[in-house]
Amino acid sequence: MIDAALILQQLVNAIALGGTYALLALGLAVVFSIMGLINFAHGELMTIAGYVLMACGLIGLPFGLAVPLAVMGAMLAAVAMERIAFRPVRNASAATMLVTSFAVAMILQVLFQNLISARSQPVIIPDFLSTSLQIGGFVIGVNKVFAIVLTMIMLVALELFMTRQKHGIAMRAAAEDFDVARLMGIRADTVIAGAFALSGMLAGVAAVLWVAQRGSADPLMGFTPVLKAFIAAILGGLGSLKGAVAGGMMLGFIEVFLAAFLPSAWQEFREPIALSLVVLILVARPNGLIPAAALKAQKA
Amino acid sequence: MRVAPLLELRGLNVRYGAVEAVRGIDIVIERGEIVALLGANGAGKSSTMNTIVGLTPVAGGRVFFDQDDITNRPAELMPQLGLTLAPEGRRVFGTLSVEDNLAMGAYAASDRAAIRDAYERVFDLFPILAERRRQFAGTLSGGQQQMLAIGRALMCSPKLLLLDEPSLGLAPKIVEQVFSLLETLRARDVTLFVVEQNVAQALAIADRAYMMASGRIVDSGPAAAMRDERALEAVYLGHD
Chain A
390 MIDAALILQQ LVNAIALGGT YALLALGLAV VFSIMGLINF AHGELMTIAG
440 YVLMACGLIG LPFGLAVPLA VMGAMLAAVA MERIAFRPVR NASAATMLVT
490 SFAVAMILQV LFQNLISARS QPVIIPDFLS TSLQIGGFVI GVNKVFAIVL
540 TMIMLVALEL FMTRQKHGIA MRAAAEDFDV ARLMGIRADT VIAGAFALSG
590 MLAGVAAVLW VAQRGSADPL MGFTPVLKAF IAAILGGLGS LKGAVAGGMM
640 LGFIEVFLAA FLPSAWQEFR EPIALSLVVL ILVARPNGLI PAAALKAQKA
Chain B
724 MRVAPLLELR GLNVRYGAVE AVRGIDIVIE RGEIVALLGA NGAGKSSTMN
774 TIVGLTPVAG GRVFFDQDDI TNRPAELMPQ LGLTLAPEGR RVFGTLSVED
824 NLAMGAYAAS DRAAIRDAYE RVFDLFPILA ERRRQFAGTL SGGQQQMLAI
874 GRALMCSPKL LLLDEPSLGL APKIVEQVFS LLETLRARDV TLFVVEQNVA
924 QALAIADRAY MMASGRIVDS GPAAAMRDER ALEAVYLGHD
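Protein chains in written order, with the working numbering: chain A, 390 to 689; chain B, 724 to 963.
Hints are supplied without guarantee of correctness; some may be wrong.
[Claimed, not checked] Chain A side only, calculated, beta carbon under 8 Å to chain B, not exhaustive:
#: 1; residue: 557
#: 2; residue: 561
#: 3; residue: 562
#: 4; residue: 573
#: 5; residue: 657
#: 6; residue: 659
#: 7; residue: 661
#: 8; residue: 664
None of these hints come from the bench; they were simulated from the model.
Keep in mind that this is a model prediction, so the values were computed, not measured.
Just so it is clear, CB atoms sit at the ideal spot from N, CA and C, and this is done for glycine as well.
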């Protein structure tokens with residue numbers, strides 16, 4: 390017998406996890422929609438934010454200050470990444486850019502392993518995040534509420550930026566037609582650096598949520614979530630921002646509900662079953678849940 | 724002293740790899756003119772336009788605008804100079820509202836009063852855009868999208884507006900509207916350089932025209948004279 394409280398509980402978990410995937414998928418989508426690069430070094434931006442959190446804890450800074458510093462650290466790293474690694478290959482093929490992003494990821498991982506530690510480092514997380522709230526019949530972890538609230542704030546802020554702000558609108562214009570955007574006086578350098586800053590910010594917030602669940606940071610911590618975010622971005626429709634959110638949420642739901650309701654004998658096949666579901670959705674909707682506009686225009 | 728022309732191309736060359744799309748052309752456009760650039764598909768007309776505004780690199784020769792050498796200057800800097808292109812195929816931002824498309828046209832402008840004036844001018848020319856300002860540009864009809872593409876280009880208050888095939892794919896009635904609009908724009912001190920395959924209609928409104936074939940200028944002169952030449956050719960050679 391499945392009771393309502395359990396479903397509600399898992400719903401909260403699914404939104405919390407899906408929201409984190411959504412933020413990461415959004416970061417990948419923002420950069421991809423502007424310059425056609427799938428940035429696999431996105432995970433290392435998370436790792437950098439994780440280490441900033443760790444360092445802040447070590448020197449005794451309050452968590453409320455550590456979070457914005459971690460997000461800023463990921464933003465700066467993203468902008469530096471673009472300037473140093475991706476600008477020289479901006480007009481190269483998609484494959485060249487992809488390989489460049491792998492190189493950036495590996496170089497950073499080796500640097501983390503040698504300059505910080507190959508092993509997982511504890512990150513001090515404030516106690517209140519590990520407490521739970523009791524609402525009616527069910528218990529909900531404060532860290533889940535924290536994740537959901539922070540995700541919602543980010544999504545609303547991003548939506549406002551993209552629809553109300555001149556620079557956000559320019560970013561959407563450049564994603565749709567880069568040459569015509571340049572004709573309007575929108576500078577390629579500015580809009581690409583802006584896209585990276587935005588993706589860094591999203592990776593930084595996702596890292597805070599990821600680390601808050603685990604209480605540790607390690608050199609490879611970004612790999613799994615970004616792989617999941619990549620799947621989510623494809624599921625949603627690569628390059629589409631709304632699709633990235635839909636894909637992230639969908640993947641979060643699939644994972645959490647399989648973990649909760651799959652019979653225990655089947656649990657070891659959870660990941661392949663989740664991916665099979667993703668493939669099934671893509672068979673039905675090959676361009677993803679909410680395809681990017683540029684792709685639609687091409688098809689028309 | 725002679726006033727320098729608004730636009731001057733000297734020996735302009737454009738290549739795509741081994742292919743020479745434009746082979747050393749000279750074009751002069753004076754202030755207040757409507758000049759047509761005519762020719763068949765693949766003659767190099769669009770390459771010429773894209774190269775003037777910096778979207779395609781100059782392989783040889785020079786581009787002068789308003790007494791300034793702008794050869795190979797990046798496209799982003801053109802609106803500030805007062806030079807813009809309404810590209811072939813309209814290319815409005817379909818996922819942006821009509822209003823946001825216009826806002827992007829004024830992206831390079833910083834003077835708020837000038838931007839407000841530009842909106843007023845565009846809405847005055849195209850009342851339909853004012854009516855549909857909150858609609859996504861992708862949902863407009865072809866003719867309305869062409870109005871928006873021209874309106875968007877006008878938002879930077881250009882001295883010279885390049886138009887690449889403004890009548891392409893439009894119904895005959897809308898085509899007439901577009902051509903009469905070009906005359907209205909000239910009356911408002913916008914100099915126009917127009918690529919057209921619709922030769923008869925282009926020559927009817929242009930002051931002068933250049934004819935391109937295989938990357939070269941093969942004929943040029945006052946539009947009236949070129950109209951007569953065409954009529955003569957039609958009589959003797961049975962064209963058209």
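Mind checking the CB of residue 561/A against every CB in chain B and telling me if the closest is under 8 Å? Nearest chain B Cβ about 6 Å off; hint holds.
Hint validation: residue 557/A versus chain B, beta carbon distance must be below 8 Å. Holds or violated? violated (10 Å)
Agreement of hint residue 659/A with chain B interface, Cβ distance less than 8 Å: violated (37 Å)
Per the CB criterion, is residue 573/A less than 8 Å away from chain B? It holds, given that the least Cβ distance between residue 573/A and chain B is near 5 Å, below 8 Å.
With 8 Å as the cut and Cβ atoms as the points, is residue 657/A at the interface with chain B? Residue 657/A check fails; min Cβ-Cβ to chain B is 43 Å, beyond 8 Å.
Can you verify the interface hint for residue 562/A: is its Cβ closer than 8 Å to any Cβ in chain B? Since the shortest Cβ distance to chain B is 5 Å, the answer is holds.
Interface hint status, residue 664/A versus chain B (Cβ within 8 Å): Because about 30 Å separates residue 664/A from the closest Cβ in chain B, which is outside the 8 Å limit, the hint is violated.
Min Cβ distance, residue 661/A to chain B: is it shorter than 8 Å? The hint is violated - residue 661/A has no Cβ within 8 Å of chain B, the shortest such distance being about 36 Å.
In this structure, the earlier hints numbered 1, 5, 6, 7 and 8 are contradicted, and the remaining ones agree with it.
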